[in-house]
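Participant: Using the sequences and the hints given, assemble the complete structure.
Protein sequence lines correspond, in order, to chains A and B.
The numbers in our numbering rise by one with no breaks, and the one at position 22 of the first sequence is 22.
The numbers in our numbering rise by one with no breaks, and the one at position 73 of the second sequence is 1073.
These are calculated hints, taken from the structure and not from any lab test.
Keep in mind that the hints are not guaranteed to be accurate.
[Said to hold, decoys possible] Keeping only pairs whose Cα atoms sit at most 30 Å apart, straight-line, the calculated DSS-like set for lysine-lysine is:
#1 B:Lys1072 with A:Lys47
#2 B:Lys1113 with A:Lys183
#3 A:Lys47 with B:Lys1057
#4 A:Lys183 with A:Lys104
#5 A:Lys72 with B:Lys1090
#6 B:Lys1090 with A:Lys183
#7 B:Lys1090 with B:Lys1072
#8 A:Lys72 with B:Lys1072
#9 B:Lys1072 with A:Lys175
#10 A:Lys183 with B:Lys1057
#11 A:Lys210 with A:Lys183
#12 A:Lys232 with B:Lys1057
#13 A:Lys232 with A:Lys210
#14 A:Lys183 with A:Lys163
#15 A:Lys47 with A:Lys183
#16 A:Lys231 with A:Lys58
#17 A:Lys175 with B:Lys1113
#18 A:Lys183 with A:Lys58
#19 A:Lys175 with B:Lys1085
#20 A:Lys72 with B:Lys1113
#21 B:Lys1072 with A:Lys183
#22 A:Lys163 with A:Lys175
#23 B:Lys1057 with A:Lys72
#24 A:Lys175 with B:Lys1057
#25 A:Lys175 with B:Lys1090
#26 B:Lys1090 with B:Lys1057
#27 A:Lys231 with B:Lys1085
#28 A:Lys175 with A:Lys232
#29 A:Lys175 with A:Lys58
Keep in mind the model is a prediction, meaning the values are calculated, not measured.
Here is how the chains run, residue by residue.
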Amino acid sequence: MSKLEQEGRREFLKKAAAGTVVTLAPGVMLHSLSAEAAPRTEPVTGKVRWGMLIDANKCAEGCNDCVAACDKENGLNLVDMPEGADESLWERQRPRWIRQITLKDNLTGRLTSLPMMCQHCEEPPCADVCPTGASFRRADGIVMVDRHICIGCRYCMMACPYKARSFIHAEVAEKLTHTPRGKGCVESCNFCVHRLDNGQTTTACQDACKHQAIIFGDLNDPQSAVSQALKKYPSVAIRDDLKLNPGVRYSNI
Amino acid sequence: MTRISSMILLTGALSGLFGLGNVIAAEAVKGSAKYEKLEQCVEPTSVMRRNHFEFIKHQRNLTVHQGIRGSKYSLAGCVDCHARKDASGKYVPVNEEGQFCDECHDYVAIDLKCFECHATVPREK
Chain A
1 MSKLEQEGRR EFLKKAAAGT VVTLAPGVML HSLSAEAAPR TEPVTGKVRW
51 GMLIDANKCA EGCNDCVAAC DKENGLNLVD MPEGADESLW ERQRPRWIRQ
101 ITLKDNLTGR LTSLPMMCQH CEEPPCADVC PTGASFRRAD GIVMVDRHIC
151 IGCRYCMMAC PYKARSFIHA EVAEKLTHTP RGKGCVESCN FCVHRLDNGQ
201 TTTACQDACK HQAIIFGDLN DPQSAVSQAL KKYPSVAIRD DLKLNPGVRY
251 SNI
Chain B
1001 MTRISSMILL TGALSGLFGL GNVIAAEAVK GSAKYEKLEQ CVEPTSVMRR
1051 NHFEFIKHQR NLTVHQGIRG SKYSLAGCVD CHARKDASGK YVPVNEEGQF
1101 CDECHDYVAI DLKCFECHAT VPREK
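Facilitator: If you want it as structure tokens, here you go:
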């Protein structure tokens, strides 16, 4: 077979795979959004909106798996405490994309544990206040920081109602190729954008959660696992009063 | 213009050329993938030498804002090929003194900012 023919065949198989919906069990479907597991060559569009549903009932108190996985995936574990910094201050200020938080109902004493990260708002206040346009919302709903134009003013950190953003206070010796990081820029959860852009469809926190408390997927696709779950179970947007329409929803809180 | 001053100018120009020649000769750092395979970069060397910063500046916007990661030009691609291994087989940061990036940038006194944030050794495979 000639090289050209082979390529044609490969393209055909790729396209054939693109539309595949795998039925695992009645009602449970694996939908392949971008079948070609190759780096993206076309711009992202608004056809997809990435989102998440977190079931606080399944999220176990004391479990830190998603935070650890996020730290490892995005190189946050490589950020060391600056020399001479106060340790308690460092614990409060160190970069973290996911915070594990516990809520207590004062009336009943019931404790709820849940991961809190960037909620990827449709109307992100961080992007509203950014003086340089570094904070922005990508067409597929991911709220990100363009570090090339971030001046480190931290307005976005003040504007975010979810306390989702971190600031890098000192130079970082070791960086990962897919997560550049330097002194003087703000950063936050980006739904593992390097994974999505390279054709994967999961986030590190979702993969790490052994309790299956995190469902991630395309909110615009009615067949996606996250859309199906949102349709089935009651869920809330945190600080719904702000009308930001976040892409991250919680159930059982 | 006197003969002496033109001689001085000529010598200056020649030594400048030779100086640049030294830089050019170091384009494939010994021990790097490029040195071993002697493959051409994504563009001919003369084009890369003049325009590499333009290429990656445009590409960075496409990648960050539009999610395009399969582009021809990328800083990670530069590092993948042009980082050198030391005697113990460990990668040497590509921006370190005497390494690929530093070699020219030091000569033309350009303060390189890329690697304040970006990884200086090839991506983990």
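Participant: Take a quick look at whether Lys210 (chain A) and Lys183 (chain A) sit within 30 Å of each other, Cα to Cα.
Facilitator: Distance ~34 Å between Lys210 (chain A) and Lys183 (chain A) Cα, so the pair is violated.
Participant: Check the hint pairing Lys183 (chain A) with Lys163 (chain A) against an upper bound of 30 Å on the C-alpha distance.
Facilitator: 20 Å, holds
Participant: Straight-line Cα separation of Lys232 (chain A) and Lys210 (chain A) no greater than 30 Å?
Facilitator: The given pair, whose Cα atoms are some 21 Å apart, holds under the 30 Å limit.
Participant: Take the C-alpha atoms of Lys1090 (chain B) and Lys1072 (chain B), compute the straight-line distance between them, and say whether it is at most 30 Å.
Facilitator: 27 Å, holds
Participant: Assess, step by step, whether the Cα of Lys47 (chain A) is no farther than 30 Å from the Cα of Lys1057 (chain B), and give holds or violated.
Facilitator: Holds, at roughly 27 Å.
Participant: Below or equal to 30 Å on CA atoms is what counts here, so check Lys1072 (chain B) against Lys183 (chain A).
Facilitator: Holds. Lys1072 (chain B) to Lys183 (chain A) sits at ~28 Å (cutoff 30 Å).
Participant: Just to be careful, I want the Cα atoms of Lys72 (chain A) and Lys1113 (chain B) compared with a cutoff of 30 Å; is the pair within it?
Facilitator: 25 Å, holds
Participant: Run the distance test for Lys175 (chain A) versus Lys1113 (chain B): straight-line Cα separation, threshold 30 Å.
Facilitator: Distance ~14 Å between Lys175 (chain A) and Lys1113 (chain B) Cα, so the pair holds.
Participant: Sort out whether Lys183 (chain A) lies within 30 Å of Lys1090 (chain B), counting only the CA atoms.
Facilitator: 26 Å, holds
Participant: Lys231 (chain A) and Lys1085 (chain B): Cα distance at most 30 Å?
Facilitator: 54 Å, violated
Participant: Taken at face value, is the distance from the CA of Lys58 (chain A) to the CA of Lys231 (chain A) at most 30 Å?
Facilitator: 18 Å, holds
Participant: Tell me if the straight-line CA distance from Lys163 (chain A) to Lys175 (chain A) falls inside 30 Å.
Facilitator: 24 Å, holds
In this structure, the earlier hints numbered 4, 11, 12, 15, 18, 27, 28, 29 are contradicted, and the remaining ones agree with it.
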